[in-house]
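Enquirer: So the chains spell out like this:
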Amino acid sequence: MFCVMPDQNVAVRLRGLRKSFGPVEAVAGVDLDIADGEFFAMLGPSGSGKTTVLRMIAGFETPTAGTVELGGRDVTRLAPFERDVNTVFQDYALFPHMSVRENVEYGLRVKKVPRAERRERAAEALRSVRLAGFEQRRPAQLSGGQRQRVALARALVNRPRVLLLDEPLGALDLKLREEMQVELKELQRRVGITFLFVTHDQEEALTMSDRVAVFDQGRIEQVGTPAEVYERPSTVFVAGFVGTSNLISGEAAEAVLGRPGTFSVRPEKLRLVLDLDAPVGDGDHSATGRIAEVVYAGAATRFVVDLDAGPRIVVLQQNLQVSSMDVTGLRETRVRLVWDRRHEFSVAS
Amino acid sequence: MNLSRPARLALRLALVLGLGVIYVPLGVVLLNSFNSDRTFAWPPAGFTTRWWGAAWNSAGVRDALWTSVQAGLGATAIALVLGTMAAFAVQRYRFFGRDTVSLLIVLPIALPGIVTGIALNNAFRTILEPFGVGLGLFTVIVGHATFCVVTVHNNVLARLRRMGAGAEEASADLGADTFTTFRLVTFPMMRSALLAGGLLAFALSFDEIIVTTFTAGAGVRTLPIWIFENLFRPNQAPVVNVVAAALIVLSVVPIYLAQRLSGTASTH
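Chains A and B, in that order, are what the protein sequence lines are. Numbering follows full-length UniProt numbering, in which position 293 of the first sequence is assigned residue number 293; successive positions increment by one, without gaps. Numbering follows full-length UniProt numbering, in which position 58 of the second sequence is assigned residue number 58; successive positions increment by one, without gaps.
What the hints contain is simulated information worked out from the structure, not anything from laboratory work. Treat the hints with care, as some may be off.
[To be verified] Derived list of chain A stretches under chain B, where covered just means 3 residues or more per stretch with a C-beta under 8 Å from a C-beta of chain B:
1) 187-200
2) 261-274
[Stated by the list, open to error] If we take Cβ atoms under 10 Å as the criterion, some of the chain B residues that face chain A in the derived model are:
3) 10
4) 14
5) 77
6) 99
7) 178
8) 191
9) 194
10) 207
11) 229
12) 261
[Stated by the list, open to error] Ranges of calculated distance between the beta carbons of each label pair, as one might list FRET restraints:
13) 185/A to 81/B: 34 to 44 Å
14) 217/A to 161/B: 51 to 61 Å
15) 190/A to 182/B: 42 to 52 Å
16) 179/B to 23/A: 30 to 40 Å
17) 119/A to 103/B: 29 to 39 Å
Using N, Cα and C, we set each Cβ at its ideal position, and we do this for glycine too.
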């Protein structure tokens, strides 16, 4: 479930990491290597253990078992203030009694950096998050997006080896979130620091990160690039959590694909053919069914198709030539679904 | 909520009556402290500051005031330290008997003063006297501290609940050790709660009489005790009146400040 990297390139290395809270095992054995300069996402539903892993890397929780290494050094038992990582908290956790500048300077101040250098680096950090001119404000006088950027500046000004981000965009509205996604990505490229961020939003994880680890029930289900995780999910959970899974298994798999197992095809890889007798190409598989539901969504339409062989399959079609008038009339129509064999993949259940 | 006109009038009248019962007598005390007639005939015969001068120059009053201030400051200091520590323990840690401890800390403010007084009197005499420590200012301070702890504890507890641990974690994350975090983050964030709790504690101690009676040996006289002792001496009546008026003013100020502090802190 993990690939071994040479030591000097590893920013974070987790081995056999476990954490129990009383009878509940929040993290049940995690092994992970994160390379220097990587933008890495830990993706999973709430309660999957991703935030607990982040908190163990930051030092807020002590693992029940296993080790945390930062840059090749075992930091498992070290306090948060002895680790070369900084965190952007979900609720930002800005100091309400300090100005924006004092917030950003805080890390340098406790490390006894001279005042002049402190000022300069804080100003630079605030510029990099486009908040120059806000130095004297209090956190209470800022909008949610601005607070978020102060939290970023406060962490980045210390030039940590790894920046931890706990659902950093969760509290922002959709528009701001999309802007910040792009901004964060650019910022990371510019500063070259390893970003390790936790999210439950699969789209956020896919669009922003170099690699993604998908968490479920305290374990990592799969680690890979966004394309690998999306195109080749290794388990049913990953297939379902990262997109629509469209599972075909058991007797249906034998009937449609001619082999046993559990298979999945992504909705946009399927073609909807109205002519049931149309010839099927050599490299293609196909199955017949009935359209149960049509959801028109502007740029595309989502068809829910009940296959004759049993499973319910979602098909996504671009609305290249059709309008809502045409597609909504297709309910109850019998259709044939056709897909390239290379786009079906087997998943572990 | 929409109320009928008669209902609103009735409620307004009840409010005026209720507040009147409390504040009119206090107002009369204040007025009479400037009344030139020694028997407080009504309406006041004329304006004089003679009684205030007499009270200021009275050695008994001065001694009593100084004793009260010492007792108040001492009890407040103990309350600040113990109340804060207790609030931290109850809010930040899980331990066996936590809820019981919490109840036991709050209980003294509800216990009848006479019970606390007698119990403390017995305990001090049994335990301290063999060591040569008699009843005096020290025992008054300890007695007052038993219920002053509550106000600090409750104020700090409420603040800690609202603060959460987020800011302290952020501080540790940014490289500050535990002590630095307390100095730069935790303490500044609860400073107004400490001040509010301390002011309330001081006000509680300043006008306490029952526990004081049982814990202050013969020579120690706080201001409330001095008033009580001189209440029935006709020639002291004007001075007692002045002291009472001064006490009203002195208790209003800390309560008012404490309310303002708890109020403004919530805008954080």
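Enquirer: Each hint should be assessed against the structure and marked as holding or not.
Expert: Quick rundown of the hints versus the structure:
1. 187-200: Coverage by chain B is violated for the region 187-200 of chain A (0 residues, Cβ < 8 Å).
2. 261-274: With 0 residues in contact (Cβ-Cβ under 8 Å with chain B), the coverage given for the region 261-274 of chain A is violated.
3. 10: violated, 42 Å
4. 14: violated, 39 Å
5. 77: violated, 24 Å
6. 99: violated, 18 Å
7. 178: holds, 8 Å
8. 191: OK, holds: residue 191/B within 10 Å of chain A, min 8 Å.
9. 194: Violated - the Cβ of residue 194/B stays beyond 10 Å from chain A, reaching only about 14 Å at its closest.
10. 207: It is violated, given that the least Cβ distance between residue 207/B and chain A is near 33 Å, above 10 Å.
11. 229: violated, 47 Å
12. 261: Because about 14 Å separates residue 261/B from the closest Cβ in chain A, which is outside the 10 Å limit, the hint is violated.
13. 185/A to 81/B: 34 to 44 Å: violated, 51 Å
14. 217/A to 161/B: 51 to 61 Å: violated, 32 Å
15. 190/A to 182/B: 42 to 52 Å: violated, 36 Å
16. 179/B to 23/A: 30 to 40 Å: Distance hint for residue 179/B, residue 23/A holds at roughly 35 Å.
17. 119/A to 103/B: 29 to 39 Å: violated, 50 Å
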